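Novice: Please work from the sequences and hints to get the whole structure.
Given next are the chains, with one letter for each unit.
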Amino acid sequence: MSATLERPSPALTAPRTVAPGKDSRKLIRSQVRAGWVLIAPALLHSGIFIVIPVIFAIGLSFTDYSFGDSWAWVGFQNYSDLFNDADFRAALKNTILYAVVVIPISMAISLFIALGLNQKIRGLAFFRTAFYIPTVTATVAVATIWLWIYNPGSGLANGFLSLFGFAPSSWLSDPGTALPSLMVVGIWQGLGTKIIIYLAALQGVSRDLVESASLDGAGRWQRFVNVTWPALGPVQFFVLITSIVGTFQVFDLVYVMTKGGPGTETTVLVLDIYQNAFQALRLGYASAETVIMMILIAVFIGLGRLLQRADVND
Amino acid sequence: MTSATVSVVSETKESTVRTGRIVLYVALTVGAILMITPFLWMVLTAFKSELEITKFSWLPGELRWNNFVEAMQTAPFLRYFRNSLIIAVGETAFTLAVCTTAGYALAKLPIRGAKALLSYFILLLMVPFQIILVPLFLIVKSIPLFGGNNILGQGGIGWLNSWWGLIIPLGAAPLFTFLARQFYVSIPNELAQAARVDGLGEFGIFWRIMTPLIKPALITICVFQIEAAWNGFLWPLMITTSDALRPLQLGLAIFAQNPAEVQWPYLMAGTALATLPMIVMFVFAQKRFVEGMANVGIKG
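Going down the list, the sequences are from chains A and B.
Residues in the first sequence are numbered from 1 upward in steps of one, following the UniProt record's numbering.
Residues in the second sequence are numbered from 1 upward in steps of one, following the UniProt record's numbering.
The set of hints was computed from the structure by calculation and includes no laboratory data.
This structure is a prediction, so every number in the text was calculated from the model and none was measured.
Incorrect hints may have been included.
Stated by the list, open to error - The calculated lysine-lysine pairs, modelled on DSS-like cross-linking and capped at a C-alpha distance of 30 Å, are: (1) B:K141 - A:K259; (2) A:K259 - A:K93; (3) A:K26 - B:K115; (4) A:K120 - B:K215; (5) B:K215 - B:K115.
Stated by the list, open to error - Listing some non-contacts, in silico: residues in chain B with all C-beta distances to chain A over 12 Å: (6) Q130; (7) G155; (8) V262.
To be verified - From the structure, some residues in chain A lie toward chain B, with a derived Cβ separation under 8 Å: (9) R25; (10) I28; (11) V32; (12) L38; (13) F224.
Backbone N, C-alpha and C fix where the C-beta goes; we use that ideal spot for every residue, glycine too.
Specialist: Pasting the structure below:
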């Protein structure tokens with residue numbers, strides 16, 4: 001997004017070029033008024049239903065609140081406890097691993113498929129629908145389908161492998177394959193949205209630019225590197241942000257398919273938060289965990305932005 | 001250069017193009033099959049008998065349509081459907097109203113700190129829903145003057161167990177404000193200027209000039225929001241206590257409750273029924289959805 005963000009909006013700069021006459025000042029004032037009226041509902045809504053709860057959660061993280069009436073201020077106790085908590089450390093490790101594997105792979109595959117779908121091909125509607133179906137399906141439904149696919153006895157996964165003579169695997173209950181099995185589902189389910197966004201962006205890439213590049217003798221790869229890739233910049237950042245938030249939030253999938261097991265092999269942050277909050281009823285502790293998660297997401301997005309800046313400067 | 005060499009060159013070029021096409025089609029087809037197979041597997045399982053699912057097989061011996069009927073009888077599926085529909089429509093209407101207005105203001109109107117406000121919404125994008133779950137519950141419970149609450153939000157249940165609670169907090173996500181803003185930005189200001197010269201007011205420009213131009217964005221927002229609403233699970237589970245208001249996904253959960261004795265054919269039948277509407281919606285919306293999204297970028 002940085003490309004779009006850095007550029008001052010034309011609406012903001014345009015009025016300054018006009019001589020500050022009485023009319024234009026009046027016009028600007030009416031625009032400003034309209035602006036605040038139009039944005040007020042969104043500010044009100046996000047304030048009540050997001051900002052206040054976040055502040056609330058941060059406050060709770062310094063207490064030992066647990067749904068009861070009594071609670072005490074405990075300072076950074078929750079935070080220091082967390083780093084001595086083996087379950088939390090496992091969840092942290094698994095979540096980061098999940099994000100680091102799933103995000104690049106799914107972004108690369110999506111871009112690749114989007115480039116393919118952006119050609120003049122037959123059956124476009126079919127392909128788009130095929131790739132998007134997993135995305136429109138509820139995660140609860142997706143998880144149940146894959147639970148059945150990974151079923152060690154009569155599931156599709158082992159049935160398919162046996163066609164090639166491979167030994168059956170126990171997928172979700174084997175510590176070695178449990179997390180990778182979830183990653184496959186995560187990647188599979190998340191492709192659709194990214195493909196659609198990329199596809200839309202690709203169709204917005206100026207045809208003239210691509211054509212003039214190819215007239216200048218630029219090959220397919222050169223056209224991609226010099227024209228298409230830079231034009232995708234803002235969209236890449238959008239996809240990256242939503243992917244980071246999405247992968248850090250992975251919950252339904254894990255909750256339905258493994259409940260974090262075997263052991264803590266697939267315990268992710270949100271699952272651990274959920275268990276601390278609603279099963280152990282340690283709301284303060286769970287809140288501290290969510291604060292750490294928020295910081296982690298911010299760090300990841302910051303890194304993503306740095307990467308993108310470096311890319312743009314090249 | 002003789003005409004012979006020209007034709008040779010163009011022939012080899014043509015044949016590489018053709019090979020490229022074939023590779024492209026093969027890759028896309030394999031990909032598409034990988035995406036669809038799990039659903040095919042779901043539908044096939046939905047027709048199988050309890051006995052057939054004990055070992056791996058593709059096709060059911062006979063199509064047991066009864067699985068669907070029996071699955072429907074195990075839970076009030078029609079009511080779940082209706083509830084999901086109300087939630088989806090409500091959330092989407094609310095989202096459209098709030099997010100297009102905010103997106104437009106951020107993109108086109110010279111409000112002080114527009115940049116900071118944009119950063120604010122991007123920052124909100126990063127807040128995972130699970131983080132605010134508990135405080136959100138407490139806030140929704142304390143909405144003043146609803147559900148027997150007094151003006152301070154005490155004494156009653158607020159928006160718990162109500163359509164308000166199901167619809168409003170999860171509508172108007174910052175993502176959609178951001179999305180709408182991105183689309184409005186790409187529309188040139190000259191259009192608005194021309195309308196201003198013609199004497200149209202700011203709200204008229206927003207509603208009659210700019211918003212019709214981002215119709216594709218509106219469709220995109222609709223599809224995303226309907227999807228999110230239709231697939232919601234944790235929030236409805238937390239704030240409703242009776243079947244009367246509960247949506248489809250909670251109905252599904254009834255079947256999956258005990259992993260040890262899951263009735264796979266019923267579960268897959270129920271899952272198929274819950275999935276179908278979203279697939280149908282996308283099949284109908286996909287053309288406008290994608291092409292439209294792209295058009296905004298260039299035509300503006």
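Novice: Give a verdict on every hint.
Specialist: Hint check:
1. B:K141 - A:K259: With a Cα-Cα distance of about 29 Å, the restraint between K141 of chain B and K259 of chain A holds, given a limit of 30 Å.
2. A:K259 - A:K93: 16 Å, holds
3. A:K26 - B:K115: Judged against 30 Å, a Cα distance of about 22 Å means the pair holds.
4. A:K120 - B:K215: 24 Å, holds
5. B:K215 - B:K115: Within the cut-off at roughly 25 Å; holds.
6. Q130: Non-interface label fails for Q130 of chain B: nearest chain A Cβ at 5 Å, not farther than 12 Å.
7. G155: 16 Å, holds
8. V262: 8 Å, violated
9. R25: Since the shortest Cβ distance to chain B is 11 Å, the answer is violated.
10. I28: Interface hint status for I28 of chain A: holds (6 Å vs cutoff 8 Å).
11. V32: V32 of chain A check passes; min Cβ-Cβ to chain B is 6 Å, inside 8 Å.
12. L38: 4 Å, holds
13. F224: 14 Å, violated
In summary, the numbered hints that this structure violates are 6, 8, 9, 13.
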